[in-house]
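Enquirer: If you're matching them up, the sequences are chains A and B in order. The opening position of the first sequence corresponds to residue 1 in our numbering, with each subsequent residue numbered one higher. The opening position of the second sequence corresponds to residue 478 in our numbering, with each subsequent residue numbered one higher.
Bear in mind the hints are in silico, worked out from the structure with no lab data behind them. Among these hints, one or two may not hold up.
In silico SDA-like pairs for lysine to any residue, Cα to Cα no more than 20 Å straight-line [as the list claims (entries may be wrong)]:
#1 K316/A with L379/A
#2 K714/B with W157/A
#3 K527/B with W157/A
#4 K832/B with K914/B
#5 K535/B with E47/A
#6 K124/A with L499/B
#7 K914/B with C937/B
#8 K100/A with P581/B
#9 K798/B with T60/A
#10 K527/B with W634/B
#11 K798/B with E524/B
#12 K124/A with T803/B
#13 K316/A with E536/B
#14 K121/A with E481/B
#15 K527/B with Q135/A
#16 K50/A with K124/A
#17 K321/A with E536/B
#18 K100/A with I572/B
#19 K237/A with P508/B
#20 K124/A with P508/B
The primary structure of each chain is shown beneath.
Protein chains: 2
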Amino acid sequence: MSTEKLPTRSENFSEWYNQVILRAEMADYSPVRGTMVVRPYGWTLWENIKDALDRRFKETGHVNAAFPLFIPMSFLEKEKEHVEGFSPELAVVTIGGGEKLEEPLVVRPTSETIIGYMYSKWIKSYRDLPVLINQWANVVRWEMRTRLFLRTMEFYWQEGHTAHATEAEAREETLRMLDVYTDFAINEAAVPVIPGRKSETEKFAGAVESYTIEAMMGDTRALQSGTSHFLGQNFAKAFDIQYLDTSNTLQYCWTTSWGLSTRFIGAIIMTHGDDQGLVMPPRLAPLQVVIVPIYRSDEERAKVMPVADQVFQALKGFRVKLDDRTEVTPGFKFNDWELRGVPLRIEIGPRDVEKGVVTAARRDIPGKAGKTALPIEGLAAQVDELLKTIQSALLERATAFRDAHISEPADYDGLKEAVKDGWVYVWWCGSKECEAKIKEDTRATTRCIPMNQPGGTGRCIHCGGEAHEKVYIARAY
Amino acid sequence: MSTEKLPTRSENFSEWYNQVILRAEMADYSPVRGTMVVRPYGWTLWENIKDALDRRFKETGHVNAAFPLFIPMSFLEKEKEHVEGFSPELAVVTIGGGEKLEEPLVVRPTSETIIGYMYSKWIKSYRDLPVLINQWANVVRWEMRTRLFLRTMEFYWQEGHTAHATEAEAREETLRMLDVYTDFAINEAAVPVIPGRKSETEKFAGAVESYTIEAMMGDTRALQSGTSHFLGQNFAKAFDIQYLDTSNTLQYCWTTSWGLSTRFIGAIIMTHGDDQGLVMPPRLAPLQVVIVPIYRSDEERAKVMPVADQVFQALKGFRVKLDDRTEVTPGFKFNDWELRGVPLRIEIGPRDVEKGVVTAARRDIPGKAGKTALPIEGLAAQVDELLKTIQSALLERATAFRDAHISEPADYDGLKEAVKDGWVYVWWCGSKECEAKIKEDTRATTRCIPMNQPGGTGRCIHCGGEAHEKVYIARAY
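Given these sequences and hints, build the entire structure.
Expert: See below:
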């Protein structure tokens, strides 16, 4: 651990973000420009995210599979908007086994095309539908400006790809998975996202409609944290995904796709982190509890360590670590685990041992206010309670912060001022021109048209024209 | 499911293998030459393999991480044997974001080099050691002749990479992971592998010593099913992985690597499969139990289905499916699930219902001999027992088959005859010349020098020279 002080978030949010990731050993830069190494502490967080999502995918009837990394260039070209959207970002394999390839292979930036091709082979009849497949995979997009987790050349994600007999079913699936993401973000990551529809400009290349969950980071900027796309029959027509319906007529399928990536780790860091470092939501935390024994002499050590071991055994049902390093002080350990965002620290000193208690210190409430003495008797149940309390407190705090930074300005000048340090929620006529002008003037973009609309009509914040929907606008990552 | 008959294993083992994979929907060919799509049924098997291995890795102190897919070409060149071994098999990215790259990027065929580079950054002192990291990843090797699961251009695996302070520790780790693989293969997959050391010719490019688990397939050919490498200081020197020891002297680390891939799925298929299709070992089976209701009238259906549902609920602790399709007959379902290798089928007909029993049919024992009536009362415990019995029976059968096909010929002519339909276990002088000549004469290769040696010396089966070790020789995949 570096001994230099971490930059504070108000000083330099961006540098705080980079430093906290590097110092907490979440990830590191790799020698290949724009790619990262996800270190064990970061990867364990991703594994926990995976488990929480995968469980939900399986509960909603999905199964996992694996499709190839390489996609023939010609596949991407079959869907016009898709290739336009992705071609500037492609990594291309031109040599294989020492020879120049006849057709270059694209390293998948997303897999609608190759999966569409396979679905056209597998789907024959209405009996084969719906097809509900997900894959956990790495994808590559050649990004110019990269940031650890937020935007890297290679990233890890899941991509769900489903095919349905009817438009209604496909639309239902699109929204079901948006709900799954929302539920995951709020209830597992304590990230109070706002679900909604993307504007035409912001939607996925090839989609009819894109939905998103948008999260507010600690600097008030927005982060698109997961997306679900209704693809209509665009890919079905490009790849001939057809089925015989009950009256033996050939029909095109309706497809969807949806994805959430390691970018979400960035969302967790920037939603909950503070000037001491990371703050991990207990349900996803790589480590939920760390035990730090405190002693100043061999005699005290002999008293404290057996109790620390006993507590460690009692807490085996949690993701727990006993920090028994002897070469560093308890103070060093406190800072170290605070930096890493472990939700609960259990301190055990000689006086605790005498009283039959431990001192529990909450990561989300610094200093004395976050400390409680807990009897060792029945400790596991109390720790469980405390972790739940921390989980709720994080969600409440993030929700309060979000709501305090969303405003509804009365006019365009108000918008320009408000997006400097928050989101605005405003009526918008829906025109690309107004959207583009707002972006040009403020660098803020439409984030989403939320599912819950006030109803009625209003006046567009930019042009004053009639508006039927309200939209969130913010500067975004 | 295709209605054509599956080729038998004795007719055409290779075609049986391909057909069983395609028909059971384990995998499919992809449009990119040499790559495959792993379909949900196959991927679920892989997920179960992953869980069983990952648990063992974590129990032995390892953690997971993720290293980049792309490796600078110059990295591979740093270890001479390594680049010689892998350069004919590389896929190379030469274009990124529309521009020609200054330095081409190799799609990882394995990750010793990039991980070595990162370890040299992370490891400073003896306190940082050992580093025990594993990753679950896709890798690419440009293979000319590919076979589903056995040899595909892209495959999925885990690769462990560890760094240690001493040679002894690194050697211990290499053998520990060989033990983990052996234990996994035997106790989870019921594949009775033989662990041993690879010959100089057969070892990993860049290793000092390679260890392997070798399995005998149903056609008696050998399959290398997992490998563990002691890398000495080769990669530590190539990548400057150094640490300060307790007396503050700079030392090179000792490293290991070990991997097991989706190839192991091929081992399971070819060890246990029969002329009806797959036979899945219960501990890894994607589906452990399938329930098939049997009725000929609506009246019978009304009697049977509630019991089938009740049984399904009672067996929820297993990976269980109730096959309630109405468009196909029970006979069709029997064949379908036999093809897919589900270890246990539960049939429920009107007469079963009257007697308060179900009929359990074991996949590993075809026909009446494998059927038992089980009381519905306390069914879960009986199913659990039966699955354990099937698991043991598969291991016993495979072990008996293996042992019946290993011989110890007295002379070289005997060897030439024996390797046509089995393995031989013979004294070998260790010379590359003898090894090469045996391969040339018989297409059989040294598979492994097993850990358990008889001791003493013998005469080389080929040259008659003094031999200190016995070796398994066989035709291999």
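Enquirer: With reference to the structure, classify each hint as holding or not holding.
Expert: Okay, the hints, checked on the actual structure:
no.: 1; hint: K316/A with L379/A; verdict: holds (11 Å)
no.: 2; hint: K714/B with W157/A; verdict: violated (35 Å)
no.: 3; hint: K527/B with W157/A; verdict: holds (18 Å)
no.: 4; hint: K832/B with K914/B; verdict: violated (66 Å)
no.: 5; hint: K535/B with E47/A; verdict: holds (13 Å)
no.: 6; hint: K124/A with L499/B; verdict: holds (16 Å)
no.: 7; hint: K914/B with C937/B; verdict: holds (13 Å)
no.: 8; hint: K100/A with P581/B; verdict: holds (13 Å)
no.: 9; hint: K798/B with T60/A; verdict: holds (16 Å)
no.: 10; hint: K527/B with W634/B; verdict: holds (9 Å)
no.: 11; hint: K798/B with E524/B; verdict: holds (18 Å)
no.: 12; hint: K124/A with T803/B; verdict: holds (18 Å)
no.: 13; hint: K316/A with E536/B; verdict: holds (14 Å)
no.: 14; hint: K121/A with E481/B; verdict: holds (19 Å)
no.: 15; hint: K527/B with Q135/A; verdict: holds (15 Å)
no.: 16; hint: K50/A with K124/A; verdict: violated (32 Å)
no.: 17; hint: K321/A with E536/B; verdict: holds (14 Å)
no.: 18; hint: K100/A with I572/B; verdict: holds (13 Å)
no.: 19; hint: K237/A with P508/B; verdict: holds (18 Å)
no.: 20; hint: K124/A with P508/B; verdict: holds (19 Å)
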